[in-house]
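K.L.:
The task is simple: from the sequences and hints, build the whole structure.
Note that the protein sequences, when read in sequence, are chains A and B.
In this text, residue positions in the first sequence follow this note's numbering: the first is 1, and each later residue adds one.
In this text, residue positions in the second sequence follow this note's numbering: the first is 1, and each later residue adds one.
In case anyone wonders, no lab produced these hints; they're calculated from the structure.
Values in this document were obtained by computation on a predicted structure and should not be read as measured data.
The C-beta atom is built at its ideal place from N, Cα and C for all residues, glycine as well.
Watch out, some of these pointers could steer you wrong.
Unchecked claim - One-sided excerpt, in silico: chain B residues whose CB lies under 7 Å from chain A: (1) 205; (2) 206; (3) 213; (4) 216; (5) 217; (6) 219; (7) 220; (8) 223; (9) 224; (10) 225; (11) 226; (12) 284; (13) 285.
Said to hold, decoys possible - Simulated pairs of lysine-lysine, DSS-like, Cα-Cα distance not exceeding 30 Å: (14) 229/B <-> 308/A; (15) 322/A <-> 282/A; (16) 230/B <-> 308/A; (17) 315/A <-> 229/B; (18) 73/A <-> 340/B; (19) 331/A <-> 319/A.
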Amino acid sequence: MSENILLKMEGISKSFPGVKALDNVDFALRKGEIHAIVGENGAGKSTLIKVITGVYEEDAGRIALNGMPIHFKSPKEAQDMGIGTVYQEIALCHNLTVAENMFIGRGQHTFVQWKQMTEKAAQMLDSLDIPASPTQELSSCSLAVQQMIAIARAVDMDCKILILDEPTSSLDEDEVKKIFDLMRELKSRGVGIIFITHFIDQVYEISDKITVLRNGALIGEYQASVLPQIELISKMMGKALSDISKIKKHEPLKSDSIVPVYEATALSSAAGVRPFDFNIQKGEVNGFVGLIGSGRSESARAIFAADKVTGGEVKMKGKKVKIKSPLNAMKQGIGYLPEDRKGDGIITELSVRDNIILALQVMKGFSRPLSRKQAEEFSNQYIQKLSIKTPSINTPIASLSGGNQQKVILARWLLTHPMYLILDEPTRGIDVGTKVEIQKLVLELAEEGMSLTFISSEIDEMLRTCSRLIVMKDREIVGELSGMDVTEHDVMSMIARGGE
Amino acid sequence: MQRSEIHSGLKAYLSRLSNLFLPLSVLVLLIVINLIKGADYFSFTMVKGAIYGNIPNILFGASELVILSIGMTLVIAASQGPDIAIGAAATITSAVFVWFVLNAGEVTLLTIVAAFLISCVAGLVIGVFNGSLVSILRVQPVIATLILFMGGRSIAFMIDGKLSPIIANDISNQIGTVIPGVPVQTPIILTVVFIAIVAVVLKTTNLRLYVESVGINPDAARLNGINPKKIIFLTFLIMGICTAVAGFIAVNKAGRHDSVNLLKFIMMDAILAVAIGGNNLSGGKFSITGSIIGAYTIEILNRTLLRLEIETETIKAFKAVFIIILMVVGSPVVRVFAGKVINRIRTGGFRSVLKRSATKSVKEE
Chain A
1 MSENILLKME
11 GISKSFPGVK
21 ALDNVDFALR
31 KGEIHAIVGE
41 NGAGKSTLIK
51 VITGVYEEDA
61 GRIALNGMPI
71 HFKSPKEAQD
81 MGIGTVYQEI
91 ALCHNLTVAE
101 NMFIGRGQHT
111 FVQWKQMTEK
121 AAQMLDSLDI
131 PASPTQELSS
141 CSLAVQQMIA
151 IARAVDMDCK
161 ILILDEPTSS
171 LDEDEVKKIF
181 DLMRELKSRG
191 VGIIFITHFI
201 DQVYEISDKI
211 TVLRNGALIG
221 EYQASVLPQI
231 ELISKMMGKA
241 LSDISKIKKH
251 EPLKSDSIVP
261 VYEATALSSA
271 AGVRPFDFNI
281 QKGEVNGFVG
291 LIGSGRSESA
301 RAIFAADKVT
311 GGEVKMKGKK
321 VKIKSPLNAM
331 KQGIGYLPED
341 RKGDGIITEL
351 SVRDNIILAL
361 QVMKGFSRPL
371 SRKQAEEFSN
381 QYIQKLSIKT
391 PSINTPIASL
401 SGGNQQKVIL
411 ARWLLTHPMY
421 LILDEPTRGI
431 DVGTKVEIQK
441 LVLELAEEGM
451 SLTFISSEID
461 EMLRTCSRLI
471 VMKDREIVGE
481 LSGMDVTEHD
491 VMSMIARGGE
Chain B
1 MQRSEIHSGL
11 KAYLSRLSNL
21 FLPLSVLVLL
31 IVINLIKGAD
41 YFSFTMVKGA
51 IYGNIPNILF
61 GASELVILSI
71 GMTLVIAASQ
81 GPDIAIGAAA
91 TITSAVFVWF
101 VLNAGEVTLL
111 TIVAAFLISC
121 VAGLVIGVFN
131 GSLVSILRVQ
141 PVIATLILFM
151 GGRSIAFMID
161 GKLSPIIAND
171 ISNQIGTVIP
181 GVPVQTPIIL
191 TVVFIAIVAV
201 VLKTTNLRLY
211 VESVGINPDA
221 ARLNGINPKK
231 IIFLTFLIMG
241 ICTAVAGFIA
251 VNKAGRHDSV
261 NLLKFIMMDA
271 ILAVAIGGNN
281 LSGGKFSITG
291 SIIGAYTIEI
301 LNRTLLRLEI
311 ETETIKAFKA
321 VFIIILMVVG
331 SPVVRVFAGK
341 VINRIRTGGF
351 RSVLKRSATK
361 SVKEE
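P.N.:
Next up, the structure:
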């Protein structure tokens, strides 16, 4: 048995000033095994990876590769020993060709042998079934193919161990499937794969083993086939699951009698969503549901005028209003948490405080700044309310974890006391614990009388929170589902039928 | 509660100060060099009731650069690129000023004020021009301002109508040098007033928050109700005012309008001042205090090289060497290394880290 073990780590500890990132963690990876490492943000997954790849030096513990004790001092050494890593953000050059991206920077030759390189790349793309041509510019490939090329690059370094850090987080379902096919192919060649992801379903779909970390400590290593999903989640969160099952959406409202908080007729935007009708009641939670590209985000953006509004009529509480810019929407009491947290949400270098007060400040106006004291008061209030983990309110938001960044954006909008809040993918890429907190918060806010539109790729999350689902397909609304007992199947079949 | 508030305030203040570590230490270094050269560095003399000496000369000489560096800081912060036409723009605004004064007949304080206000309008027009190119047409700032950089001085020459018109009147002279009975030279006072106005604007508006947000992430800024185009436009308007004020001071100092040489190459020093001040040239967070210190540092450097009796022909080479050293010391790589060393000295065990961080600091980036 033991000759099958590629990598064995025992008693690994690593501390940073003030934190024990890893505490006596064991880990083993076997040949031809896909091994998922899961845990919430701050569990120690990245630190463990960085110890394996030589970015960090461990404080204590032993690492053995193929039974030989090793001690990497640099990522280069780890690479030379056959450990390839692919990170979440694709670290390739967009304006170079596929072949260049696969080989450049690692040749032993001073001069590049173009022809040879192209041939070799073609061979490899072919053998791994990657649908790309070696001479194609990388930017013309889809994200999934780019990710596959990054994997191919890592694998070609005579790789025995492949580490994939959130390789699927920006891909849609079909693309994920392609990555998984590639992973299975590599597995059959005897490569040991370490897979890190936030998507529990993906863990089960592809992994053989699961190692759970929590707060830097090892919770355990499990056989994926025998560990029930619900148990895995509770191991990750460190609490019983009654919490999740307690989340209960509200009864759908009787919609005809009352004037809706927000109502749009034939609304359309420059982003190409078909003119649609939409409304939401006071205290209602509804959601746009559909596949990626169905127009659910575009619809939300049209409501907030995040894209140029090209037509339609909008009423707030029955009164006709003009919403032509995000500022108009904000002044009407609408808030919008965008899908792309990094691109559209956070202002990276600004402090947590400035990020929290931003929307309120803009609504107050250019010449009426909040006093420093007020700004600090508001920030501290919401840091406490949403239990945002940050060293101080002056910390740049970029140094917070994804979940906490998302809470800061949430705090930003809650501080404006909107009547109507749109949350586009508020739980993407954040840990399970925070996900649950956000879902709970949504329902609490609705109870206090706020109207919310919730959008998520994870359909069960929407089923849990939304009392009315607006189903979208191909940039058009195809139907509506409401009631306490809507199932995933209902949604799927409506999407399937909707095309006719 | 009270104490922790004071504590956090102090901490924030210290962390802001640490960003100014580089410009301040350069400033101190230059002063030390000057003191070694001669202990009389700080000495001053009174001539006709006004103070003269090394320090007043520096403050006097750096006036235009300080004012322009403030505008440059804002432009770079919002639009992620410098305005390279500031020298040419100031030449135009001051040409307008001189044109008005020379055509006004008798020169009174009112004429000067009116002429100054009209030159401000000229500055604003230039700001509208550059600002429209950058914000509406999305031309990169360097390219957009290249137009006036090339053509601006010719325009100024056309306004002048002849080579180097002279403005010889008492008021201009007093603005350029000293008002009888006032111990401080007028350009110094004007600069201080200008800085004070900027400070008040920053304190009473959201200029900082808006400009920084737009500079860091225009998309996110837009989704929070800020119009990035308007903000970028605004920074160019402010720059227009800065050039008008700087041109006003420069031409009154010189006593004549030399459209070829007035504030020539000052954009280089202004960009440098912004960089020395610890500002990121790719936009975002900014420190006007840093830029002001940077501007004075450059002036001191120029004068120090003169004082060391380096030949004027070779002075630029020395300046370049000094700036290379400055940039290397202030570079992120060196900073990370220094931070680690300091950290390790604090926790003890200095030797082991020197070895480690030398190999690691680059890698972890």
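K.L.:
Decide, hint by hint, whether the structure agrees.
P.N.:
Against the structure, the hints:
no.: 1; hint: 205; result: holds (5 Å)
no.: 2; hint: 206; result: holds (5 Å)
no.: 3; hint: 213; result: holds (5 Å)
no.: 4; hint: 216; result: holds (5 Å)
no.: 5; hint: 217; result: holds (5 Å)
no.: 6; hint: 219; result: holds (5 Å)
no.: 7; hint: 220; result: holds (5 Å)
no.: 8; hint: 223; result: holds (5 Å)
no.: 9; hint: 224; result: holds (5 Å)
no.: 10; hint: 225; result: holds (4 Å)
no.: 11; hint: 226; result: holds (6 Å)
no.: 12; hint: 284; result: holds (5 Å)
no.: 13; hint: 285; result: holds (5 Å)
no.: 14; hint: 229/B <-> 308/A; result: holds (15 Å)
no.: 15; hint: 322/A <-> 282/A; result: holds (20 Å)
no.: 16; hint: 230/B <-> 308/A; result: holds (17 Å)
no.: 17; hint: 315/A <-> 229/B; result: holds (29 Å)
no.: 18; hint: 73/A <-> 340/B; result: holds (18 Å)
no.: 19; hint: 331/A <-> 319/A; result: holds (14 Å)
Of the hints listed earlier, there is not a single one the structure fails to meet.
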